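Asks: All chains should be built: construct the whole structure from the sequences, respecting the hints.
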Amino acid sequence: MIITKAHFVRILIALFLAGVVFVLSETLDSALWEPAYLTGWLLFGGMIVLTFLNVRKKLPFLPLFNVRSWVRVHIYLGWFILALFAIHLDFRVPNGGVETTMAVLFVVVGVSGIFGAWLSKSFPRRLTRRGEEVIFERIPVFAAQLREAADDLASYSVEQTESTSIADFYANNLKSWFTRPADYLQHIVELNTRQYKFDQEFDTLRRYLNPKEQEIVDELHALVRKKSDLDYHYALQRTLKGWLFIHIPATYALLTLAAVHIVLVHAFTGAQL
Amino acid sequence: MNLKLQRFDYRSSKYERPNQDWTCGRLAQGKPCRMGPGVGGVCRAMAECRPLKKGDRWVCTRSDTSGGKCATGPLPDGSCCNPIPPCSPQPSMRRKRGMLTRYAIATIVGLLLIIGAGSYGDALFSPGPLSSSHAEVGECADCHSVSERGPLGWMNAMFSPHTEAEDVKNCVACHTQRDGLAHNQTADVLAALSEKAMARANDSRGPFTTQIAASLGVPVRTNAEGEVACRSCHQEHRGIDAEIAELTNANCQSCHTAKFESFSKGHPEFTSYPYERRTRIQFNHQSHISKYFQDDNFKNQAPATCRTCHLPDDQGKLMLIGGFEENCAACHGEFIADKPLIALTLPGLDLETLEEYEIRIGEWPVYAEAEEFSPIVDVLLAGDEDYVAARAALLEEEIDLFDLTEVEDEIMEHVVTIVWAYKGLIYDILTEGPALIQERLAENTGVELSAESVNALIGNLHLDTLTQVQEDWFPDLYAEVEAYRDDLTVSALLIEDEPEGNEFTTDSETWSEGGGWFTEGYSLNYKLSGHGDDVMQAWLNLAASPAADEGPLAEVLNQLADAKGPGGCITCHSIDTVEEGKAVNWHGRKAEPQVAVFSEFVHAKHFSLIGDQGCATCHQIDSEADYEGSFADYDSSSFVSNFKPLDQQVCADCHTAEVAGNTCTMCHNYHVGVFPPAAVDTDMMAAGQ
Amino acid sequence: MDGPLVIQRPMRWDNPFSPDMTDEQVDRIAGLEPFKSMDENSFPSSMSLRDIIRNDMRIQHYREGDIVVRKDDYGNSAFMILKGAVRLVISPDLPDATLGRQQQKRRGLLSALGQLWSNPSTPEVRDPNRLSGGNSTGQRGEGENSHTFLQDVPMILKNHQTDVMPEGTFFGELAALGRTPRQLTLFADGDTELLEIRWQGIRDIRRRDDAFRTHIDNLYRERSLISHLRALPMFQHLDDDTIQEVANQTIFETHGEFEWHTSFKKLAEQTPEQRLRQEPVISGEGDYVDGLVLIRSGFARVSRKINNGHPTVAFVGKGETFGFEELVHNWQNHAQEPYQLSLRGLGNVDILRVPTSVMESIVLPTMPKAQMPPPLKIHTIQEASIQSIGNATPLDSGLMEFLVENRVVNGRATMMINTDRCVRCDDCVRACASTHNNNPRFARHGKRYDNVMIANACMHCVDPVCMIGCPTGAIHRSSLEGQVVINDASCIGCATCANSCPYDNIRMVEIRDETGEFVLDEANNPIVKSTKCDLCVDQMGGPACERACPHDALRRVNLSDLDYIADWLNAG
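Which chain is which? The protein sequence lines are A, B and C, in order. So the first sequence is numbered by my numbering: it starts at 40 and just counts up by one. So the second sequence is numbered by my numbering: it starts at 323 and just counts up by one. So the third sequence is numbered by my numbering: it starts at 24 and just counts up by one.
Far from chain C, by Cβ distances over 10 Å, these chain B residues were calculated: (1) Gly-443; (2) Glu-486; (3) Phe-605.
With a straight-line cut-off of 20 Å between C-alpha atoms, the simulated SDA-like cross-links for lysine to any residue are: (4) Lys-336/B with Val-180/A; (5) Lys-912/B with Glu-598/B; (6) Lys-639/B with Glu-914/B; (7) Lys-214/A with Val-180/A; (8) Lys-326/B with Asp-190/A; (9) Lys-280/A with Gln-412/B; (10) Lys-97/A with Met-86/A; (11) Lys-966/B with Ile-943/B; (12) Lys-418/B with Ile-178/A; (13) Lys-418/B with His-286/A; (14) Lys-288/C with Ser-335/B; (15) Lys-288/C with Gly-421/C.
Derived coverage of chain A by chain C (criterion: at least 3 residues anywhere in the stretch with Cβ under 8 Å from a Cβ of chain C; other residues may be distant): (16) 96-102; (17) 105-111; (18) 165-176; (19) 270-281.
I should point out that these hints are in silico values taken from the structure, not numbers from a laboratory. Everything numeric in this text was worked out from a predicted model, so none of it was measured. Yeah, the Cβ is synthetic: ideal placement off N, Cα and C, and Gly gets one too.
Replies: Right under this line is the structure:
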């Protein structure tokens, strides 16, 4: 993950702006105004602006600044809004039904956003450094190819060597592993337990093979490594896509509740828009 | 082995289309078809090609990009040899995500509708529990008028003029003594207070946020009537334990014109506080401590500490003073009753001259020798115009009643009027009783008194006492007065001896040594029973009533409200001018738990903190002050304290934000006024059933 | 070369220009001018004139109105009229539609926004009505031999000024050799027989036959050289007469045997040493500075010898020069420093060499100070290491060699993806689809060096070899900014371009109708079209892929601006 001084400077700017809002909020509070109107509308407006990233992505044909600029705004406005959220809540845990749900959703959105930003910074480099760069949607196709190649190799070994050592090993230790993406968590945390175990098992197997079988088992081992690499890409790429399954639905649920919240607040405090 | 999964040439790798909503159902097996799902996720795959009949044989038409012509070729019936079994297309990642988003929104909306419409609606929409003080409030509508209008009404309310004022009514329905006005005071009062405050203001701009608010021009939020909504300060729904009455210093500063940073920085000097009026009981600490308590005669009676006289009230706020008996009587008790109240005394007359000129005044005791007229009699006779004129004329001419030898006839006439007025008064009282006094007071002063009050004024004066007076002074009173009133000739002047008591009985003065009526010569006097005498109190109270401002009662007050007067009450009990008339301060300041004033100080809390100097830490006697001079008039506010002003620094040493706290509300109340505990009206009839 | 002497026939002859050339036809052509008067003996036995005629030439038949070449097309062959005549369109130019090209215009705001709802929901949908008819041209013949013909020749003759070239005229040789756009549009005037000679044949004949060479060189000198020189900063101060003088003395050279685009994939499989041997040295490190080298066509890399290696320092392409610093240094200091670096051809390279004497006597004395290069850095052996070379170039050495080896240097709008930043969100692909009727026009995969991926998207090459051989002219450079685009309507799906693209950046698709069914021809074959990135030529704001990337992981880069690439790759 590359975090440069520029990132910190931008975060600091975001937090500084939040500080300005904080002072403003305290000012209104001390002047017996309800600062939650100000911070609340800022918060809501900010969240709407954050969702503009999505709108922008749907309009790639319009010259509305690069998406990378939007993402930058999204991230640092996000930091600003996280701080604003704390200010709006007056650094308290809310206790109303709607409010608590909103706060939980906000935290979910915020934390998943930070998590996503971290993933976006750190996972690509890991993906670059291991295995072949593959398109996520094609992974099942390649996995099927590898599985077939391994199946073929196992039957080929029986035909060619009249020994079932490799085929047995394949059937017992590898076949089911080849059928589906495996070792998701191991790959995410970069723990090569499975790989290590397979290497050991291959080493053991090699003791009992003749030179012809050695050649075949080398090929099989290569297929195993390739499958492992593919699983690695599957795990990381899925995670890179997966966090948005939390971030986006929670965002819209939050916005829905926010709209209800705004109506309630304005109606019940009697503050006219 | 260099195994590559991917090939990039156009035959091996077609465009990947993540933009499509659906993917082939067989992608998971790694064998998606080339056709791909149709709109709405319908599988459309049939066969890999549509063979063409060339002559009598069918040929494969599979395109080059899909692998070229197949080896097997079409089946004899002309169908493709590679039919594609139908699949169930799967939504793409993004479609799944979109669906999840829609489900999330639908769930939220659904839950709101279901719960909101049900009996938990209030609980759902409530932004949090009420504080324990409001635990009794049941429904949203109890406070929020808008609540009953329903969701559409709420949306409408967002854009309609604000209902805050309406909601304030809901607050004051229970909190009856309060209203939206700041400090419960009218704008005029506040303006006056502000002016006073500004005069004392230091040059300071208030706390940081207040300064920003000022520079941004954030006004205080009030309605058109200048009322502040309760909600401005008291914010609810913050949990059961929430302190909804808490206010920050900056909150106070937002309205206050004289702004300052904190108690230790910029708070106006106390100046006269708390000595803002003279004490109700005049007690000169300076003279007592430095003079009387040093005196050998009183030394052993002098109090040892401040506590001997001053003890805190039940709330620990005020330092009350003990009673007369405990604190003063030892020295002052015995002198109180020395001087009696003279109710009726006969003026001495130059009887020789009267006789000489044959002025018919009937009986008049020779030894009557009073030189002054009793103001009480003057009050009772104030309705008699002739008497009033006679009194005025005699005063004007400076007539000496003991020497009437050279007076004019007209003066003689006045003397006669006075004589008969006196006799008539006694006659009338004897014939009509105390009701006459009640009637005369009502007619002459406008003060309507009950029979009981009149009795208090006449100190249980028994009819026998008065009859005895009549018999001793004017034995023939009835005949004389009736004849005089019938305009008949009254018998000649009778000169009598001085009445003497029975030798077996004690004289009336001795009889009334412990208080009560007695005669001394031709005076009917009342001997005080000591401190707290009811008759004196009754007369002083009457004399202080508004009617006494002018007219006959004023003279009564003059006489009674005198250090040398009977009892000398006002030596200690100061008289204040109040809204209507005056008030005698019979007591020192009392605790008033229901009254909230602007500033409060709880003495009791500080006792453990004060050091060797004790009370003098704050209260230091000012030996230069002309304390007594403050009591010359009836104005309690023009005042010189016995004590030096409080030193603010003494407070500020501890009262900082970090140590003992320095919030405004520690000493100051926002809601000022009388706030009796909410009384509960219980219908006794209903309760009994 | 060690080993027994064998006759080395050019490898290209394994795949002759036309398999149908008969001995009679060869005889017939050899009997025509200018071939008749060429000296057979000046050709080596491995490459006789007859063999060149047999393998590098073919006879093409055209009918009235058939288009032979289009103005601005790229071609690698020249023509000679055997029979009949060819008409050239002088002015005005034929409209784009007539030439089978796309109507070029940018979308307005409404049209751009309209894509939000007008894009079909299934892939590769075409309006079948627009696939046939409505054009002013038609198609004759099959595959690569098909010809596009003008429907209404009399109308064209009426509206355009044309001229006729008679039998025996030789044309198109300069465009073929220099791979420059055709100057004019030509069509057959009645039934016509043309001899088409692929550029290798022309090159080889030019090399052996003095008369032919003189003819070609004079033609080039007359038509192109001066404007070529004028484009260079160091010649801008010269007046017309002086520059003519320079042009007259400029030497033409050709280096390398193989076309870069056909050879590099095979080279990639060879050892580095073998590969090095295949690179013709145009000017060698340590050689006498004999002139200013100017690349006329092809690509070359600038290398420096470090021990046994020749790491790449820079690469140069068409219009760039080599040796200027040394020339100026020697002239200013009266020194005789040799070339400090080597210029090695990447496949066939045509160069111009302005001799040192011409430079010193004519060009340099009057050159303004501002045009002088920075002082020459004399290299010493001690300071050199492979690492120091890597540090001196904007990009890391490995990446430089990767770009050279895969001939990515050809790209002007190469899609470069930084996989260290790419979160594989496919926003680029979706943006591309949104701007191309719901169809992506690139594949987000490709060759990779460390974190730099050259995705399979059209690079809009300096030398667009895909355009060679398109029978209908459907693939062409856009008149807007020179983007290489394909006119979908006139594409016949022959896949010539897809096969020609050395980078696999053109993809054939089977088109569908509105319902999503494949559109079949009369033989039940799906109709295929050639598709590729058009750099959003009609969109507002440029390439959607680059603008859609949320993490700045994708840029369209011009390989002649390495500093830009380096800045982007190294940015936080």
